[in-house]
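Chemist: Each chain, written out:
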Amino acid sequence: MAVITYRQALHDTLRSELIRDPNVFLMGEEIGVFEGSYKITAGLLTEFGPERVRDTPIAEEGFVGAAIGAAMLGLRPVVEIMTINFSILAMDQIVNHAAKIHAMFGGQSKVPMVIRTPGGGGQQLAATHSQNIEVWYAHVPGLKVVVPATPADAKGLLAASIRDDDPVMFIENLALYNTKGNVPDGDYVTEIGKAAVTKEGTDITIVSYSRMAAVALDVAKRLQDDEGVSAEVVDLRSLRPLDRATIVNSVKKTGRAVVLEEDWLSYGVGAEIAATIQEGAFDYLDAPVRRVAAAEVPLPYAKPLELAALPDATALVKVIHETLDATRFRR
Amino acid sequence: MVAVSSMDVATSSEFVQLLTPEGQRLENPEYPLEITPEEVRALYRDLALVRRFDVEATALQRQGELGIWAQLLGQEAAQIGSGRALAPGDMVFPTYREHGVAWCRGIPPEKLLELFRGVNFGGWDPGRHNFSLYTIVIGAQTLHATGYAMGMQRDGAEDAVIVYFGDGASSEGDVNEAFIFAASYNAPVVFFLQNNQWAISVPEERQSRIPLFQRAHGFGFPGVRVDGNDVLACLAVTRKALQHAREGQGPFLIEAFTYRMGAHTTSDDPTRYRLASELETWKLRDPIERVKAYLSRGGFADSSFFDSVESEGDELAARVRAACLSMPEPKPIDIFDQPYAGGSPLVDEERATFEHYQAGFAEEGGR
Ligand SMILES: Cc1ncc(C[n+]2csc(CCOP(=O)(O)OP(=O)(O)O)c2C)c(N)n1
Ligand SMILES: [Mg+2]
Chain A
0 MAVITYRQAL HDTLRSELIR DPNVFLMGEE IGVFEGSYKI TAGLLTEFGP ERVRDTPIAE
60 EGFVGAAIGA AMLGLRPVVE IMTINFSILA MDQIVNHAAK IHAMFGGQSK VPMVIRTPGG
120 GGQQLAATHS QNIEVWYAHV PGLKVVVPAT PADAKGLLAA SIRDDDPVMF IENLALYNTK
180 GNVPDGDYVT EIGKAAVTKE GTDITIVSYS RMAAVALDVA KRLQDDEGVS AEVVDLRSLR
240 PLDRATIVNS VKKTGRAVVL EEDWLSYGVG AEIAATIQEG AFDYLDAPVR RVAAAEVPLP
300 YAKPLELAAL PDATALVKVI HETLDATRFR R
Chain B
0 MVAVSSMDVA TSSEFVQLLT PEGQRLENPE YPLEITPEEV RALYRDLALV RRFDVEATAL
60 QRQGELGIWA QLLGQEAAQI GSGRALAPGD MVFPTYREHG VAWCRGIPPE KLLELFRGVN
120 FGGWDPGRHN FSLYTIVIGA QTLHATGYAM GMQRDGAEDA VIVYFGDGAS SEGDVNEAFI
180 FAASYNAPVV FFLQNNQWAI SVPEERQSRI PLFQRAHGFG FPGVRVDGND VLACLAVTRK
240 ALQHAREGQG PFLIEAFTYR MGAHTTSDDP TRYRLASELE TWKLRDPIER VKAYLSRGGF
300 ADSSFFDSVE SEGDELAARV RAACLSMPEP KPIDIFDQPY AGGSPLVDEE RATFEHYQAG
360 FAEEGGR
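Top line first, the protein sequences correspond to chains A and B. Residue numbering for the first sequence follows numbering that gives the first Met the number 0, beginning at 0 and increasing consecutively. Residue numbering for the second sequence follows numbering that gives the first Met the number 0, beginning at 0 and increasing consecutively.
If you are wondering where the hints come from, they were derived from the structure by calculation, not from laboratory data. Worth double-checking, as some hints may not be accurate.
Think about it this way: if two alpha-carbon atoms lie no more than 30 Å apart in a straight line, the pair counts; the simulated DSS-like pairs of lysine-lysine are [what the hints assert, rightly or not]:
#1 A:Lys317 with A:Lys252
#2 B:Lys330 with A:Lys317
#3 B:Lys330 with A:Lys302
Bear in mind the structure is a predicted one, so any value in this text is a computation, not a measurement.
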C-alpha cells in the first residue's frame, strides 16, 4: 500500500500493463514526446519506444478507428483522447463500430480496446472543453463505461479495462489527477460493474461517481461529525454495467436517496439511478429521490459563472437537509 | 526528449516571396503587387501594433488577468497580409489565434480580451465585423466557412469567405470534408492554412508526407505555398485567391509557411519538445524586421516614423490593459441568458430555481 496520486496510479498501471502484455500499446495525440496533455504517459515513449507509444496526427476519428482495427487483430490498444469532448469527433467509430462489431459479426471478432479520456468542468476550459457526456456512452449496449473516483480504483479499473475483451470507455476527471489516496501494491484488478460503498450509513444514501463521489464522501463525513447525520455513500465506479443491487440495497436500508452528478440534469445519470431506486425500493422510500446536477447551460468560461453552473458540496448539503426535513428527521 | 521538425530552409524556398528576409523586393509575374511606400508603412504599423498587443495580452495572462492566451508571435505577416487583402463584404472564420486578422476587421483588441478574461461568451458581433467567433475544436470552422460560402453563392453575392486553420488541423476529417464540399459545389472559399510547423508538440511531418498546399490538387482546386513571414506575398497571394473565388472559380488553398515563435498557448512550454536553434533560425526571418529594412533602406521611412509606431504601440498596450482591468465581472445568473435564441421554459424554470436557491443563502447571511 502506498499513497500516490490518481495521475501516478494511471501512469504506473499503463506502464505495468505495457510490461505484462506485449499486445498492449498506446496511441493518441501528444502522448509521446509531450507525455500527454495531463502527463499520464510521462516517460513511456522513452521506455517503450514509438511502436508502442504512438503520437498520432490530429484526427480523433482516425486513431480511434485505427485502434478498433488493431484490436480486431488481437492487439490491445489503449487510446488516449485529450478530453472527452473530442471523443465526440470519434463518436461513429465508438458507437457504430467498437460497440457493435462483436454482436454484428456473430461473436467472431472481439474489440478489446480502451479509450482513456478525462471529463469534468471547473478548470476554466469553456463550454466545448468541459463537458460530462459519459452518459452518452453509458446508453450504448456493447460498451463498458467506468468512472473511477480514487487512485486505487484508477489502478484497479484500468488494469481490468485493459484485460477486458470488450471496448471500455475509461473516463477520468481533470480535477482528480492531483488527488491522493492509498493504492494497493502489485497486480491489482478491480472487477468492472461493482459499485463501492465508501461510507456506511443509515439515514440517507448519496449515490455518485467520479469527482462528485469524492465530494459526496466529504459531505457525508462532515454531516456525520457536525450534525450526527449518518449518510451512506455509494460510488458507482461503473456506469455500464450499473450495479443496481448495491444502490437498491442501500436505499432499502436508509429510505432516502440523493444523487450527486456533474453532468446535466435532464436525461443524466441521476435519472437512471432514480428510476432504478423506484423500481427496486419503492416501498422503502420515505421521500422522493432528489438529484443535484449541473445547470443545463453550456458551461461558462468565467470562473464565478462556471462555479455557479456546477454542482457542489453546498448544493448537496442543502438538498440533503431538505430531504431529511421533509421526512421530519430530527437533526 | 526533444523532437525537431525536419522541414528545413531548402524546402521552404519553394514558395511565393515578394520581400526577402533582408528586405529586398522581389517580383513574381503570377502574383504581381503594386504597392506604394505609404501602404507599406501602413502594413508595418499593423504588424508592429498587433505584436505589441499580443505581448501585452501575454503579460496580462502571466499576471493572472486572463485565463489563457494564444500568442500570434511570428505569424503577424500571414495574418496582416491576408487580413488586408479582404474586401469589406468578405467573411472570415478564424481559429483562436487570428488576433491580427481581427485587427484588420476593425475589432477593438479589448474585445478579444473580454473573451479570454471570461467576462462574456464572445465579445464581438460577427455580423457587424464579418469576423466569426473563435473556434477551439480543431478544424470545425472550415465546414462552417464552406457552408457560409455556399450560402453566399446562392445569394449571388460578390463576396468570398476565408477560413483559417493550422497544419495540425489539416489532418482532421472536418477539414478534408470541407475541401470536398467546397470543390463539389465550387464554393467561393479560400482555405488559409498557417503552417507554423507545430500542432502543440506535434511537428508538421506527423501530419503530412507532402507539402500541405499540394493536398489541394487531389481535391481538384489550386493550392499555393507562400512565405508566411512575408506580408507583401501574403497580401498578393490572398488577393488573387479571393478574386479567384469571387469570379466563380471556386476554392483555393493557401499554405502560409511560417513559424509559431511563442508557446502554443500560455499553458505550454515549447522548450520541452523543440530545439532553441530552430527558433533562432526563424528569428532571422522575422516578419516585421524585413519590412523595417525595406522601408529604411529605400528611404521610405525614417526613425521618427518607427518611433511614432512604437509609442503608438505602447499607448495601445496601456489602453487595452486599463480596459481589461476595468471589465465588469459577470453575474452568476447570467448563465441562463443565452442557451437558446428563442428562450426555453426549461431554462426559465432553472433560472427561477437558481434565484430562489441564491436567495436562500442571502437569508442565511450570504454564501
Ligand atoms: C478536435 C480537437 N482535437 C484536439 C484539440 C486540442 N488541440 C488544441 S490546439 C491543437 C493543435 C492545433 O494545431 P494547428 O492546427 O497546427 O494550429 P496552431 O495551434 O498551430 O495554430 C490541438 C491538438 C482540439 N482543440 N480539438
Ligand atoms: Mg500549427
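Chemist: Give a verdict on every hint.
Modeler: Cross-check of the supplied hints:
Note on A:Lys317 and A:Lys252: the hinted pairing holds, with a Cα-Cα distance of about 22 Å set against a maximum of 30 Å. A hinted pair counts as satisfied when its Cα atoms are at most 30 Å apart, and B:Lys330 with A:Lys317 qualifies at roughly 22 Å. Between B:Lys330 and A:Lys302 the alpha-carbon distance is near 11 Å, which keeps this suggested pair within the 30 Å criterion.
The earlier numbered hints are all upheld by this structure, with none contradicted.
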